[in-house]
Amino acid sequence: MKIWAVGGGKGGTGKSLIANGLATGLAERGAQVILLDADFGAPNQHTYCGLRKPACCLAQFFENRKPLEELALETTVAGFRLIPGNLNSANTDSITWAQKQKLFRHLRLLQADHVLLDLGAGSQYDTLDSFLLADIQIGVISPDALSVENFYLFLKNLKYRQLGSLLSATGLKEQAREIWKCRADLGIRDTRSYIAHLRARFPELGERLDRERERLFLRLVLNQVREFTQLEMGRAVASSVRKYFQLEAEFAGHLRFDKDLWQQFGPDQPAVRTGSTFTLRQGLEGVLACILDERTAHGH
Amino acid sequence: MATEEERRARRLLEVAADATLEEIHGAYQLMMRIHGRSGAAFAAPGMDEFSAEARQAILEQVQAAYNLLCALEPEARPAPLAAPAAAEQPAAATALGRAREAAGLTLDQVAAETNVRREYLGALEEERFEHLRLATVNVRGYLAAYVRAVGLDEDAVVPAYMMKYREWRSRQDP
Chain D
0 MKIWAVGGGK GGTGKSLIAN GLATGLAERG AQVILLDADF GAPNQHTYCG LRKPACCLAQ
60 FFENRKPLEE LALETTVAGF RLIPGNLNSA NTDSITWAQK QKLFRHLRLL QADHVLLDLG
120 AGSQYDTLDS FLLADIQIGV ISPDALSVEN FYLFLKNLKY RQLGSLLSAT GLKEQAREIW
180 KCRADLGIRD TRSYIAHLRA RFPELGERLD RERERLFLRL VLNQVREFTQ LEMGRAVASS
240 VRKYFQLEAE FAGHLRFDKD LWQQFGPDQP AVRTGSTFTL RQGLEGVLAC ILDERTAHGH
Chain W
0 MATEEERRAR RLLEVAADAT LEEIHGAYQL MMRIHGRSGA AFAAPGMDEF SAEARQAILE
60 QVQAAYNLLC ALEPEARPAP LAAPAAAEQP AAATALGRAR EAAGLTLDQV AAETNVRREY
120 LGALEEERFE HLRLATVNVR GYLAAYVRAV GLDEDAVVPA YMMKYREWRS RQDP
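Each protein sequence line maps, in turn, to chains D and W. Okay, so the first sequence: first residue is 0 according to numbering that gives the first Met the number 0, each after it adds one. Okay, so the second sequence: first residue is 0 according to numbering that gives the first Met the number 0, each after it adds one.
Please keep in mind that the hints were generated in silico from the structure rather than gathered at the bench. Quick reminder that beta carbons are idealized off the backbone N, C-alpha and C, glycines included. Check the hints yourself; a few may be wrong.
Unchecked claim - Simulated restraints on C-beta separations:
| no. | chain 1 | residue 1 | chain 2 | residue 2 | range |
| --- | --- | --- | --- | --- | --- |
| 1 | D | Arg212 | W | Ala70 | 52 to 58 Å |
| 2 | W | Arg10 | D | Gly186 | 40 to 46 Å |
| 3 | D | Arg28 | W | Gln108 | 40 to 46 Å |
| 4 | W | Glu166 | D | Lys180 | 55 to 61 Å |
| 5 | W | Glu166 | D | Ala183 | 56 to 62 Å |
| 6 | W | Asp47 | D | Leu131 | 19 to 25 Å |
| 7 | D | Asp292 | W | Ala134 | 29 to 35 Å |
| 8 | W | Ala70 | D | Lys172 | 44 to 50 Å |
| 9 | W | Ala15 | D | Glu73 | 18 to 24 Å |
| 10 | W | Ser50 | D | Arg176 | 38 to 44 Å |
| 11 | D | Glu73 | W | Ser50 | 47 to 53 Å |
The whole structure should be built from the sequences, with the hints applied where relevant.
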């Protein structure tokens, strides 16, 4: 079973649409798919799926100890089930550490070929940890400087989160904190030189960091493309991720801006399947084919 | 058997292990175009990672990687690209034209490289579709040749351009 995470930092770039479209595409290929709405603060996958009033939601897993599997609701797409996010529970924008660990344990037990996590915007620990947990990590950006900048911040926070977890695991957290305090004296200008310093000082940390980094492989999707001239941004961001953040990345494809899409949300049918235009579906198909390595990927 | 240095150079240029010289050349042009522009929307100049020093170091690494890979090829052409500063002064009106200029190529050179008539290349570049009343398959072929010659990503550029062209065509020939 593969866990997919769709994230990217900025809100409104189309993460939910793409998560939904990928789940639909996988199910149409005959796979058993569960999409979990992990946007704890603003869930709306149920509406994307045409389930206006879902019979259950994730809160029942946390609060009523209901098995995760039983919360997976059938959608109108055969093989595609949805675990809706919390709709009627207070304090929904984050979960506790214990809840998160429980959720991660139970995700692996779901009866599905693919489990997709639709993550919220921002760089909360829950979001970063869910992204790091995934086997297939998808970053969604739109072709504008705001979205791209937030995406880089998301990556930077991912790297910090990885480093922080490793420092805790190796008992080096306090020493690292002291080094950061004295960074000016040590000639540490930025995060890159900080990490380089830590690597040099603690070689075992560097080795573990390398192993963790190897698990990060970002598949970039460029959404809301209006002009073909914007397409190079997908390649450029993927290249920048490799060169400036030292993370493996590839440009998995793009989706054209669909001016009529907003009208499709709400009816009792999934928006991606019934309402959207041919070009949107074509874009999603291309992204999925690239991720599943069904054709030559961009950038390699 | 590729050396570690050679593998590193290919990783820097983001090309496959079996990339041809032409692909290496295109990748180099693309890297210089991407990372040579300081104010591009895909950079985040406010972040430490995108400092001027970091960008300069990347450009130098790309140049060194290209030089190394070219030196391994007996028929390698010298780098035709101007310094990154030149890539920051595009004069052409369209993205295709700017990409061509950033690659340091004239339309005549692209015509010689692709065996496509200069007039068609000019019309493609300036999106003068009325001068491209050819079979769609030919337009696509000419465009793909142009895109490869100037070092753009064929998969990224051609489908969207052709969609625009077909939309124009459908309005002309309903």
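Those earlier numbered hints the structure runs against, lowest number first: When the structure is compared with the hints, numbers 1, 2, 9 and 10 turn out to be violated.
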